[in-house]
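Got chain A; can you put chain B on it based on the hints?
Chains as they are written, first to last, in the working numbering: chain A, 1 to 422; chain B, 1 to 372.
Check before you lean on any hint, since a few could be wrong.
Pairs of lysine-lysine residues, derived as BS3-like cross-links and limited to a Cα-Cα distance of at most 25 Å, are as follows [unchecked claim]: (1) Lys410/A <-> Lys250/A; (2) Lys221/B <-> Lys85/A; (3) Lys85/A <-> Lys36/A; (4) Lys221/B <-> Lys204/B; (5) Lys191/B <-> Lys24/A; (6) Lys207/B <-> Lys293/A; (7) Lys85/A <-> Lys32/A; (8) Lys359/B <-> Lys339/A; (9) Lys339/A <-> Lys389/A; (10) Lys24/A <-> Lys7/A; (11) Lys257/A <-> Lys344/A; (12) Lys272/B <-> Lys301/B; (13) Lys7/A <-> Lys204/B; (14) Lys36/A <-> Lys7/A; (15) Lys359/B <-> Lys258/A; (16) Lys221/B <-> Lys36/A; (17) Lys85/A <-> Lys204/B; (18) Lys191/B <-> Lys244/A; (19) Lys257/A <-> Lys389/A; (20) Lys339/A <-> Lys293/A; (21) Lys236/A <-> Lys221/B; (22) Lys244/A <-> Lys293/A; (23) Lys257/A <-> Lys293/A; (24) Lys258/A <-> Lys293/A; (25) Lys195/B <-> Lys346/A; (26) Lys191/B <-> Lys237/A; (27) Lys36/A <-> Lys24/A; (28) Lys7/A <-> Lys301/B; (29) Lys400/A <-> Lys415/A; (30) Lys344/A <-> Lys359/B; (31) Lys36/A <-> Lys204/B; (32) Lys221/B <-> Lys7/A; (33) Lys221/B <-> Lys32/A; (34) Lys261/B <-> Lys195/B; (35) Lys24/A <-> Lys257/A; (36) Lys15/A <-> Lys208/A.
The following label-pair restraints were derived from C-beta to C-beta distances [said to hold, decoys possible]: (37) Glu253/B <-> Asn2/A: 40 to 50 Å; (38) Val421/A <-> Ala112/B: 51 to 61 Å; (39) Ala112/B <-> Tyr148/A: 29 to 39 Å; (40) Phe316/B <-> Lys389/A: 48 to 58 Å.
FYI, nobody ran anything at the bench for these hints, they're computed from the structure. The beta carbon of each residue, even a glycine, is placed where N, CA and C say it ideally should be.
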Amino acid sequence: MNIPFLKTDALPFCKGCGHDLIAKNTTRALEKLGFKPLDVIIVTDIGCHGIIDKCLNTHTVHGLHGRSAALGAGITFGVEEPGKKVIVFIGDGGSTIGLQHIMEAARLNLNMTVVVHNNFLYGMTGGQTSGLTPHGFNTTTSFEGNPYAGYDICALSHTAGASHVTRVMGIGDISDKLAVAFGTRGFSLVEVMEICPSYGMKLNPKRKLSEIVESAGKEIGEWFNQREPFNIRQGKKIADLLEKTRPVEKGFKSYLKKNTSVILSGSAGEGVQLAASLLCKAAMRSGLSITQKGSYPVTVGVGFSTAEINLSPEEIHFHGIAVPDMVVITSGDGLAHNKQRIAKMKDGFLFIDQSLEVPSTGAQVIQHNFRGIGARNASIFSIFFLAMKTGIISTESILKTIEEEGMTEKLPVAKIKEALVQ
Amino acid sequence: MQEKSKGSRVLIDGSRLMIEALARAGADAFIGYPITPANLLYQYGSQRMELMLAAPDEITTLQWMSGLAATGKLPVTATSFPGFALMLESMNMAYMMELPMVIILVQRLGPATGTATCGAQGDLLLLKGMISGGHPIPVLATADFMDCWQLSAKAAEIAVSLRTPVVLLTSKEEVMTHKSFNLDLLQEINKVERKEFQLDCEYKSYKPTDFVPDFLPVTQKRYQVRLNASTHDQTGILQHSNEESMANTRRLEEKVLHRMKAHYYYTFDEQKEASKLVIAYGITSSAAIDAVEMLRGQGEKVSLLIPKTLIPCPDFYRELILNYPRVVIAEENINHQFASLLFGQNFPENLAFCGSLGKMISPGEIMEEVNK
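Here chain A stands alone, though its shape is the one from the complex (with noise of 0.2 Å):
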């Protein structure tokens, strides 16, 4: 038995509203089309042409106001099976909230069709003025004609790449034109003009829909961009995120026998989270836990760039680090943005680029020649340095820890080991 695609031909609208009209041609479009009505999702939101959801055989998803094109676009998306044909609906108040959605479904050409009910204003909350209201159309909350023209919609969503776009008056037979853009392989949408009879034909006496139209420019044709229908491209997939982190083999000893909290400070672009990354790994060599956290400006490419660093015998639990045990500055950006912290420094150390002033701090301050092997390994040779004066972990295990991440050759080993015995 074949299921006709309305349930009814006693559509729920006001009488002469072009949605009948709509509603039915759809259905013959679909028929034409060979379609089976549980082969067609119709997508509907709030506004009036959203009421016909429940007199509708197909599937029916009836969504948020305006949100419909965006809804149905997410269904595009999950639709793996050939012949089904997303459909949506909206009014010309959905698509002036839901302007966005459209132009996005369009510019990816997304394999749907969307229908605009444009009855030049929001008839289901009284008959307020809609973005494709036409200029000089009475609505209730313009009664001297709105002063500003409507979106062109079919401009727009051909200008964003629809395959298809045509623009139809809603009198008499439109499902051909409806088929075309049911039958388009891409993203197409139909703007249907019709007059609300509700609000806008006792608010606009005497004028013909034809009149309206031509008034305000809106051109009744089609259009056509020829492009490929959107395909879902994905870029290289990784199997098992954690395959992509690299274990860390223990195979040094750490004499730390407490948490020690370390904060590294620099400049943007000076390696300081390499450099942290490669002290917590080697770290982590040395059997000990850790924690690490970034902190720079909005903008990454510039200013300082701060690691702080928790590193324990123990498991850690809290790692926010009020004042540091070690500090290591190796450029004015890094000691301005850790000022405060290292004046709150009772003990510990802070080893600062000997061409920096050095702040007031309770901690021993040692100075070095951090940059004088070049500003973008300053923060690496630094940690080195830190091992070395500290103890904390050995730069043998640094060492080991750039080997191990492929680093030997990017990063100058040996001039570092050099300048250390200097």
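Here is chain B on its own, set in the frame of chain A:
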């Protein structure tokens, strides 16, 4: 406590664990819009999920997720307050349509844009009231890396088995901080199977079995599926407020309240004869663990509760609080959101608070409040 095993120790962040756990549990799509501090989740989601789509905004994100969920996918996104605010209406839609998905909310300092790179715990009360009508949406809060793994999988399981959006609540410090972690400690995660309606009888999109309607994707052709964000009956047809549709709306609340009882997650570290209780969730729980350990080291008898299922809120939390002469709740806000979730504004007299704005709460601050 020494780490139990030194097997596969890696330097890792919570974001990686969350996305991998979600993928293993059956999440197959990541829809994203970039926002700090959720960007690592976006990066990993795009690398790991079978389908990744870059949405042009957060409203679209949730709409696309809903559409995908209607076809049988289990989508995930990650955002922070500014993006979450845009998602609210669409999350209500997904809640009403009963579409499974996981939304990771990475808290940062507000109001509004606030400070994108500063952590916070300021969104709990927003979550409490985010569904119009005050209906509960499941919210799980991760407290550590093990939770990033286990609770993420649970979030996927809840989303599918209850047909609902689930919020996985975390914060900047949890998802962006790298830590040494032993992967050998992770339990295996089984993929959540979506059971589709199989009977040869009438199908109604919202006819429940044990509070949850059987699912069918809109792509199958055996039965008509109707999904509806407006008040609707069991068939999915819009209704004003008739008996059947009101029963359906009432069921949405009952579904979460009843079925979430199987998903009450928390850690209760009870010390016998303790007269003090410390409560902390999310990022602050790490400070609370240290504080309690140090207090015990000083001879104090203190218990510790780390709530992980935050909404719906298990009665157990309230009962426990009322059993202790002194309770300190620590959370990174200045308006006692967790206590408000439990008691409204009529806090019991035994409650004390340790809050902060723009910085993590330290173990010392919690100890100080406990010792007052």
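Structure-based check of each hint:
1. A threshold of 25 Å between alpha carbons decides the hint, and for lysine 410/A with lysine 250/A the separation of about 24 Å falls inside it, so the pair holds.
2. Our distance criterion of 25 Å between C-alpha atoms is met by lysine 221/B and lysine 85/A, whose separation comes to about 12 Å.
3. Restraint check for lysine 85/A and lysine 36/A: satisfied, since their Cα atoms lie roughly 10 Å apart, inside the 25 Å limit.
4. Proposed proximity of lysine 221/B and lysine 204/B is supported: the alpha carbons are some 14 Å apart, at most 25 Å.
5. Distance check on the hinted pair: lysine 191/B and lysine 24/A sit about 44 Å apart at the alpha-carbon level, beyond 25 Å; violated.
6. Distance restraint check for lysine 207/B and lysine 293/A: the Cα-Cα separation of roughly 49 Å exceeds the 25 Å cut-off, and the hinted pair is therefore not satisfied.
7. The hinted pair formed by lysine 85/A and lysine 32/A meets the criterion: a straight-line CA distance of about 14 Å does not exceed 25 Å.
8. For a cut-off of 25 Å, the pair hint linking lysine 359/B to lysine 339/A stands: about 17 Å separates their Cα positions.
9. With a CA separation close to 22 Å, the supplied pair lysine 339/A and lysine 389/A stays within the 25 Å bound.
10. With a C-alpha separation of about 11 Å, the suggested pair lysine 24/A and lysine 7/A falls inside the 25 Å cut-off, and the hint holds.
11. Among the hinted pairs, lysine 257/A with lysine 344/A is consistent with the structure: their alpha-carbon atoms are about 23 Å apart, no more than 25 Å.
12. Using a Cα cut-off of 25 Å, the hinted pair lysine 272/B and lysine 301/B holds, with the two alpha carbons roughly 8 Å apart.
13. For the given pair, lysine 7/A sits about 17 Å from lysine 204/B by alpha-carbon distance, which is consistent with the 25 Å threshold.
14. Taken as a hint, the lysine 36/A and lysine 7/A pair is honoured in the structure, with Cα atoms around 14 Å apart against an allowance of 25 Å.
15. Of the pairs offered as hints, the one joining lysine 359/B and lysine 258/A holds, with about 24 Å between alpha carbons and a cut-off of 25 Å not exceeded.
16. The hinted pair formed by lysine 221/B and lysine 36/A meets the criterion: a straight-line CA distance of about 9 Å does not exceed 25 Å.
17. For the given pair, lysine 85/A sits about 22 Å from lysine 204/B by alpha-carbon distance, which is consistent with the 25 Å threshold.
18. With a CA separation close to 21 Å, the supplied pair lysine 191/B and lysine 244/A stays within the 25 Å bound.
19. Our distance criterion of 25 Å between C-alpha atoms is met by lysine 257/A and lysine 389/A, whose separation comes to about 16 Å.
20. With a C-alpha separation of about 18 Å, the suggested pairing of lysine 339/A with lysine 293/A holds against the 25 Å cut-off.
21. With a CA separation close to 33 Å, the supplied pair lysine 236/A and lysine 221/B exceeds the 25 Å bound.
22. The hinted pair formed by lysine 244/A and lysine 293/A meets the criterion: a straight-line CA distance of about 20 Å does not exceed 25 Å.
23. About 22 Å separates the Cα atoms of lysine 257/A and lysine 293/A, which keeps this hinted pair within 25 Å; it holds.
24. A C-alpha spacing of about 19 Å is found between lysine 258/A and lysine 293/A, which places the hinted pair at or below 25 Å, so the restraint holds.
25. The straight-line distance between the Cα atoms of lysine 195/B and lysine 346/A is roughly 62 Å, outside the 25 Å bound, and the hint therefore fails.
26. Of the pairs offered as hints, the one joining lysine 191/B and lysine 237/A holds, with about 19 Å between alpha carbons and a cut-off of 25 Å not exceeded.
27. Under the criterion of a C-alpha separation no larger than 25 Å, the hint pairing lysine 36/A with lysine 24/A is consistent with the structure, at around 15 Å.
28. With a CA separation close to 70 Å, the supplied pair lysine 7/A and lysine 301/B exceeds the 25 Å bound.
29. Annotation: proposed proximity of lysine 400/A to lysine 415/A holds, straight-line Cα distance about 16 Å (limit 25 Å).
30. Our distance criterion of 25 Å between C-alpha atoms is met by lysine 344/A and lysine 359/B, whose separation comes to about 16 Å.
31. A C-alpha spacing of about 20 Å is found between lysine 36/A and lysine 204/B, which places the hinted pair at or below 25 Å, so the restraint holds.
32. Restraint check: the Cα-Cα separation between lysine 221/B and lysine 7/A comes to about 17 Å, which is no more than 25 Å; the hinted pair holds.
33. The suggested pairing of lysine 221/B with lysine 32/A holds, with an alpha-carbon distance near 19 Å, which does not exceed 25 Å.
34. Restraint check for lysine 261/B and lysine 195/B: the C-alpha separation of about 21 Å stays at or below 25 Å, so the hint holds.
35. For the suggested pair lysine 24/A and lysine 257/A, the alpha carbons sit about 80 Å apart, so the restraint of at most 25 Å is broken.
36. Restraint check for lysine 15/A and lysine 208/A: satisfied, since their Cα atoms lie roughly 17 Å apart, inside the 25 Å limit.
37. As the Cβ distance of glutamate 253/B to asparagine 2/A is approximately 41 Å, the hint placing it in 40 to 50 Å holds.
38. Look at valine 421/A against alanine 112/B: about 54 Å separates their beta carbons, and that is inside 51 to 61 Å.
39. At roughly 31 Å, the beta carbons of alanine 112/B and tyrosine 148/A sit within the given window of 29 to 39 Å.
40. A hinted range of 48 to 58 Å holds for the C-beta pair phenylalanine 316/B and lysine 389/A, which are about 52 Å apart.
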